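Chains A and B, in that order, are what the protein sequence lines are. Under my numbering, the residue at position 229 of the first sequence is numbered 229, and the numbers go up by one with no gaps. So the mapping is simple: my numbering equals the position in the second sequence, first residue as 1, plus 394.
Simulated from the structure, these hints should not be mistaken for lab results. Where hints are given, some of them may not hold.
Stated by the list, open to error - Within a straight-line C-alpha distance of at most 27 Å, the following computed DSSO-like cross-link-like pairs (lysine-lysine) qualify: (1) A:K13 - B:K447; (2) B:K447 - A:K246; (3) B:K452 - A:K247.
Stated by the list, open to error - Covered stretches of chain A, going by a simulated chain B footprint (3 or more residues, C-beta under 8 Å): (4) 269-281; (5) 342-355.
All of these numbers come straight from a predicted model, not from anything done at the bench. Even glycine gets a Cβ: it sits at the ideal position worked out from N, Cα and C.
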Amino acid sequence: MTAKCAYCGGALKFDADIQMLVCKHCSGMFPVEKTEAEKMLSAPPEDMAGAADFRDSTAIDEMECRVYHCTSCGAELLINDVEAATYCAYCGQPAIVFDRIAMRRRPKYIIPFSVTKNAALVNIREKFLKGGFIPKEVKYFNPDLLRGIYVPYMLYDVRCRAKQLLRSSVPASNPAGSATKYYYRDAGAFFSEIPADASSQISNEFSERLEPYYKNAMVEFKVEYLSGFYADLEDKDFPYLSRIIKKRTADMLNEQILKTVPGNEKALLNSKFSYEFEKESYALFPVWFMQFHKDEKTYTIMVNGQTGKVVGAVPTDRRKVLLCFSLLALCFSSLGFSFFLMFWLTEPSIPIILSLCIPVLIIGGFRKLRGLNTSRRFTTGRRIKKFVMERQDS
Amino acid sequence: MEQLIFIAVAGVVFGLALDFYLMADQLKDSNEIGNSKCGRLDYMVTFDLFASKDNVSKSLDIDKM
Numbered sequence: 001m002t003a004k005c006a007y008c009g010g011a012l013k014f015d016a017d018i019q020m021l022v023c024k025h026c027s028g029m030f031p032v033e034k035t036e037a038e039k040m041l042s043a044p045p046e047d048m049a050g051a052a053d054f055r056d057s058t059a060i061d062e063m064e065c066r067v068y069h070c071t072s073c074g075a076e077l078l079i080n081d082v083e084a085a086t087y088c089a090y091c092g093q094p095a096i097v098f099d100r101i102a103m104r105r106r107p108k109y110i111i112p113f114s115v116t117k118n119a120a121l122v123n124i125r126e127k128f129l130k131g132g133f134i135p136k137e138v139k140y141f142n143p144d145l146l147r148g149i150y151v152p153y154m155l156y157d158v159r160c161r162a163k164q165l166l167r168s169s170v171p172a173s174n175p176a177g178s179a180t181k182y183y184y185r186d187a188g189a190f191f192s193e194i195p196a197d198a199s200s201q202i203s204n205e206f207s208e209r210l211e212p213y214y215k216n217a218m219v220e221f222k223v224e225y226l227s228g229f230y231a232d233l234e235d236k237d238f239p240y241l242s243r244i245i246k247k248r249t250a251d252m253l254n255e256q257i258l259k260t261v262p263g264n265e266k267a268l269l270n271s272k273f274s275y276e277f278e279k280e281s282y283a284l285f286p287v288w289f290m291q292f293h294k295d296e297k298t299y300t301i302m303v304n305g306q307t308g309k310v311v312g313a314v315p316t317d318r319r320k321v322l323l324c325f326s327l328l329a330l331c332f333s334s335l336g337f338s339f340f341l342m343f344w345l346t347e348p349s350i351p352i353i354l355s356l357c358i359p360v361l362i363i364g365g366f367r368k369l370r371g372l373n374t375s376r377r378f379t380t381g382r383r384i385k386k387f388v389m390e391r392q393d394s
Numbered sequence: 395m396e397q398l399i400f401i402a403v404a405g406v407v408f409g410l411a412l413d414f415y416l417m418a419d420q421l422k423d424s425n426e427i428g429n430s431k432c433g434r435l436d437y438m439v440t441f442d443l444f445a446s447k448d449n450v451s452k453s454l455d456i457d458k459m
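Chain A with its partners taken away, still in its complex shape (with noise of 0.2 Å):
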């Protein structure tokens, strides 16, 4: 599974850089189709278009994972480089011995990393920076905790019909005057690989965050691109994930169906889909994870490793939010004060009116404030710092 320099021995690592295999201790570079490792791999699988059964397990393909057992805590580690298997993940213990080869299914496709360690770190350097409300200590984190990690993904080529009945209302401040139709479609759609993250240790919300990922970057499957690199295993089943198909391509296929109907307030009444699976590939895609802590909380901030989109959410510096909000406060309430006197005097109604969207003031800043909690708590989840913590070997 690791592929090993022809010149000295060493271990590999993918240099996402010159997008070739570098050995460390000699320099060597290699291609990623020419390794010795290549060749321990069985043929790639077929496609799975047409089949009768689009999941039939027989044209599933399966790799060799090196399962390692630790003495020290007892965890097992799947580990694809020679360098990572030292020490423990789990306990950092570095007790760890071999333990067996262990079978799993092997991914068709990868997007190697383009977005190099360096140039993650700029990018959410610069995201921070640009915060107003982020503390100092969080802008200058301390780089060393960044973890290069491919992500399971599954890709899904799906054919989606939808019957649907549709209202479109003119609004009463229309000319012509107000009018409520309704109307009938009937529409289909297929869609390409659409990915559904396949790893329960990362939020849907969060990995969908991370797209776009452009397929024209994307390989056949070559173990030595995992070098250097965490490789996690796809542990959802497909009816989980057919879910989150489902819902995705209904989104996508909802939004092209109003577009139909004319009008301006569209809502859609009732509506009955069905779907129609062609094709599953298993693929792995790139993410960069960086973890730092502020307060006893860990924060994961997510780098997408192809195009260096960076995700997440980070602490706030209360003292400055607290001094712009009083110095605003000050301001706003000084301008609302005198302006309702002198409209009140002049126009009455101005203030009457501005007076009925304090409720939709408070209620649009609390579903902000509620947006970005949500995100937070994707940032701090229990189970991301621990999906990182268990790759972090400094």
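Given chain A, work out where chain B should sit, using these hints.
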């Protein structure tokens, strides 16, 4: 006089509510990174409209269509 006091208080409350909304907006912009789900329609290869009827009844049974 009472009306004037009421309006003045409403003005202050409006200012505070506006401040709260703007601060929440700024805070979300500053501390939530990459919250958009972009590129969603990239996966849709074809879209076909098989049947389309306008001005139908509200009680239309789509199962019978």
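Hints, one by one, checked against the model:
1. In summary, the hint linking K13 of chain A to K447 of chain B is not supported, as the alpha carbons are separated by about 59 Å, beyond the 27 Å threshold.
2. Only pairs whose Cα atoms come within 27 Å are accepted, and K447 of chain B paired with K246 of chain A is accepted, the gap being roughly 25 Å.
3. For the proposed pair K452 of chain B and K247 of chain A, the alpha carbon gap of about 25 Å is at most 27 Å, so the pair holds.
4. Residues of the region 269-281 of chain A with a Cβ under 8 Å from some Cβ of chain B number 4, which satisfies the need for three, so the listed coverage holds.
5. Under the rule that three or more residues need a Cβ within less than 8 Å of chain B, the assignment of the region 342-355 of chain A holds, with 4 such residues.
In the structure shown, a violation is registered for the earlier hint numbered 1 alone.
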